[in-house]
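Visitor: Guided by the hints, dock chain L onto chain Y, whose structure is given.
There are 2 protein chains.
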Amino acid sequence: MSSSARTRVVQFGLGSIGLMAVKAVLGRTDLELAGAIDDDLKKVERDVADLSGLRRPSGIRVSNRPQEVLGVKRPQVVLHATQSGLADVFPQLSYCLEAGAHVVSTCEELVFPTVRQPRLARDLDFLARSKGSVVLGTGANPGLVMDTMALVASAACLDVRSVRVERIVDASTRRESLQRKVGAGLTRSEFRRGLSKGTLGHRGLLESVHLIANGLGWDLDKVAEKVTPVLSPRSMKTEFVTIRKGEVAGIHHVCKGFAERKEKIRLDLQMFVGVKKPGDQINIKGKPDVTLSFEKGVAGDEATVAMLLNMIPAVLEASPGLRTMSDISVPRFRA
Amino acid sequence: MSSSARTRVVQFGLGSIGLMAVKAVLGRTDLELAGAIDDDLKKVERDVADLSGLRRPSGIRVSNRPQEVLGVKRPQVVLHATQSGLADVFPQLSYCLEAGAHVVSTCEELVFPTVRQPRLARDLDFLARSKGSVVLGTGANPGLVMDTMALVASAACLDVRSVRVERIVDASTRRESLQRKVGAGLTRSEFRRGLSKGTLGHRGLLESVHLIANGLGWDLDKVAEKVTPVLSPRSMKTEFVTIRKGEVAGIHHVCKGFAERKEKIRLDLQMFVGVKKPGDQINIKGKPDVTLSFEKGVAGDEATVAMLLNMIPAVLEASPGLRTMSDISVPRFRA
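The listed protein sequences derive, respectively, from chains Y and L. To convert, note that position 140 of the first sequence is 140 in our numbering; the numbers rise steadily by one, no gaps. To convert, note that position 200 of the second sequence is 200 in our numbering; the numbers rise steadily by one, no gaps.
Chain Y with its partners taken away, still in its complex shape (with noise of 0.2 Å):
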């Protein structure tokens, strides 16, 4: 493929995903990385490379001026994969669609970001459209295994009374950051603690539940979210953390959606450490009923970066403005 061929893209945000992201596209022959950008003084001015762990380096430094980067790069694509919620990234998202630049995003938020952030996304769908450009917030949970499967597997209905989606999560295999993110290793009080700050739990179940209802054509009135920690029958180890009996071993985050005073759909997500039966199955009532499974679940980590690739054609297609997994073409690898 020539060069000109090739879509221009810039990595904004250089956690785990970010750099995951980096040696995907720089693995790949139809993307050409533009740029980096990370506000980590310890990343700035490094090599995008060097950070991701290649021996070759890349030619591409890291930045923290993300205004200067996108206006010099030009590129037609942003991978964004800093934070979580939308009004945190907003001047982000803001910077890249002020640039001329897609967005493909995996902000938990941006995935359904009417239901929390209703004003934000106008604003967002607004700059978009205004620019030509498109948002897009994916991942793999939420953006694919929890929601859009389950959509797809809705298709083969001809009535759908009820979508159930359980994914059990083996936090012992993820990195760091999720472990600590599920608890693992914390006291119960601790757990409690953690929850109230905002500072322990997965985002996006809440967002799952409204992009299912949305596509679907439901109007839930009510939407209820769980969160307990699950505790450690034994002592266990990980390679981040230490966890004694009776100790929090992980999270079961249960988000149920309501019409019409029936549970029309509900969510159940477990992460923790010692998870004997990794995977992920879908469930639909309807007419026929479908059973849906991914046999050990799908990796997280892989596939929400794989997401933010595999993204990047359907969001150039697309007509401008904020977008949402449901109102773009067929999800898929693309080489």
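Quick caveat, the hints were computed from the structure, so don't treat them as lab data. No residue lacks a Cβ here, since even glycine has one placed at the ideal position from N, Cα and C. Among these hints, one or two may not hold up.
To be verified - Rough simulated footprint, nothing fancy, chain L against chain Y, three-plus residues with beta-carbon under 8 Å:
(1) 34-41
(2) 64-70
(3) 117-124
(4) 154-160
(5) 326-334
Guide: Relative to chain Y, chain L alone:
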């Protein structure tokens, strides 16, 4: 929903799928059945509700004059379910497009028509564009289980080396025409003759292979199909056929796509009487591997009718022309 917000549809083709579609449309408040077309004189002039096994008359009588029905009723969408070959249905599709209607069709070749009928596909695309209409071929298989679903599962992958799908259908639970189509009850020599005359076998596996390859951006250099009979280990009987020991219980159809001498896609379809464990399984070898299973398999006829109805909103939103399942928005049930 007010009647003005309803989508006006005409059902073209009143075989078993078409009649199931009629029944489904008549049960929906967001769709309005405006007409029904079939050339079977035993059906012409009869009320479609009656033909579909409904008690309450619909007031819609079957006509064998498609141009008249389409011209007078002016449907927004035609649900088309007549034959498998594009050459056979081309005039029917033209009538629909000429009347300004979008078309969602179960015609198997239309799922990826550029393979077997590149000229007709081009003509159809041209006609659809000139009329501002969309034409889409879909169904459970081809259309969802062995192709679109595999594409969506691949979105979790940073790289895909190969895609395998296995579908095992218990033919004894299916309609008579399917049991006949898979050769249940034939002798081996009758099966061979049926195959060579083209009266036996499943249509659409080749189209699914190409839909996957195209969706993933792969250029195949060879596609190979093989159909063999599944022989019955004992005497069996269904509602419609009697099978003696050693005679044909059904079909085993494999279609493979190769690129650079490697097998990249393998679709393996078994439909026979006496299946012990029906099911659908998608295996992607890549980064990471993904294995996805439909427990008990997706019910073919019901899901085909579901796809016809569920793709209506996607077709109404898509840009004009000949579309495939991979360049239209995410398929899903819509209430």
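Visitor: So, for every hint listed, does it hold in this structure?
Guide: Results for each hint:
no.: 1; hint: 34-41; in the structure: violated (count 0)
no.: 2; hint: 64-70; in the structure: violated (count 0)
no.: 3; hint: 117-124; in the structure: violated (count 0)
no.: 4; hint: 154-160; in the structure: holds (count 7)
no.: 5; hint: 326-334; in the structure: holds (count 9)
Of the numbered hints listed earlier, those contradicted by the structure are 1, 2, 3.
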